[in-house]
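A.B. asks: Sequence:
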Amino acid sequence: MNIYTYYTILMVVNVFDVLCRAGLKHMKLERVKKFEYCLPYFYQPFKEDDLEQSTIVQIIFPAEAKPIFCEFDWELDELEEFTDKLIEEEELTEDQKDAFKDFVKEKVREGKKANREAREARRKALAEMSEETKAAFEKMRFYKFYPVPSPDTPDVSSVKSPFINRYYGKAHKVL
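Residues 1 to 175, numbered by our numbering, are exactly what the sequence shown covers, in order.
The calculated SDA-like cross-link candidates involving lysine to any residue, where the alpha carbons are at most 20 Å apart (straight line), are:
| hint | residue 1 | residue 2 |
| --- | --- | --- |
| 1 | 113 | 123 |
| 2 | 113 | 57 |
| 3 | 113 | 103 |
| 4 | 113 | 56 |
| 5 | 173 | 141 |
| 6 | 101 | 82 |
| 7 | 97 | 60 |
| 8 | 105 | 60 |
| 9 | 101 | 88 |
| 10 | 47 | 114 |
| 11 | 101 | 69 |
| 12 | 160 | 171 |
| 13 | 134 | 46 |
| 14 | 47 | 142 |
Have a look at the derived ranges for each label pair, beta carbon to beta carbon:
| hint | residue 1 | residue 2 | range |
| --- | --- | --- | --- |
| 15 | 109 | 67 | 15 to 23 Å |
| 16 | 29 | 80 | 31 to 39 Å |
| 17 | 157 | 131 | 39 to 47 Å |
| 18 | 46 | 156 | 29 to 37 Å |
| 19 | 138 | 102 | 45 to 53 Å |
| 20 | 136 | 78 | 40 to 48 Å |
| 21 | 157 | 115 | 39 to 47 Å |
| 22 | 172 | 115 | 27 to 35 Å |
| 23 | 81 | 130 | 46 to 54 Å |
| 24 | 131 | 31 | 41 to 49 Å |
| 25 | 78 | 147 | 46 to 54 Å |
| 26 | 103 | 138 | 39 to 47 Å |
| 27 | 97 | 75 | 19 to 27 Å |
The hints are simulated quantities; they were obtained by calculation from the structure and are not laboratory data.
Since we're looking at a predicted model, the values are computed, not measured.
Heads up, the beta-carbon is just placed ideally off N, CA and C, and yes, glycines get one too.
Let the sequences and hints guide you as you build the complete structure.
C.D. replies: This is the structure:
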């Protein structure tokens, strides 16, 4: 796939985005989230993905009465305080505390390992990339197009934004 194909895809995405924006405002949140998953993904090897390096792990602890579903952020949460809070909320019993802490520690190790592997895979892909491909990625520019003002279209000049989507980031130029 060459650089012109990316430009074509981006133009189609932006036209589709502009046409569907009015319809999205009237959709329920659940349908909007389904639409977001339809957005095309663009791999930018020089930009580290925020989702790729998440410090949050999903916890599904198989407790006796009912499973415990929660999220643990190893940078922001303190494990002892986190477990004490679950005990106070009566979601976790005192005798399950050590098993829960071990379970969370294992999930954190898995999350850190996954982050490390993702970073290494990205570095490896960059190292194996040809100089021509690297130059093409560095020279690539994204343009965001808005409809030309006409009597039958609303004026969007005051709300133009360079943001395209979470994968593409910001456009280099808004037209």
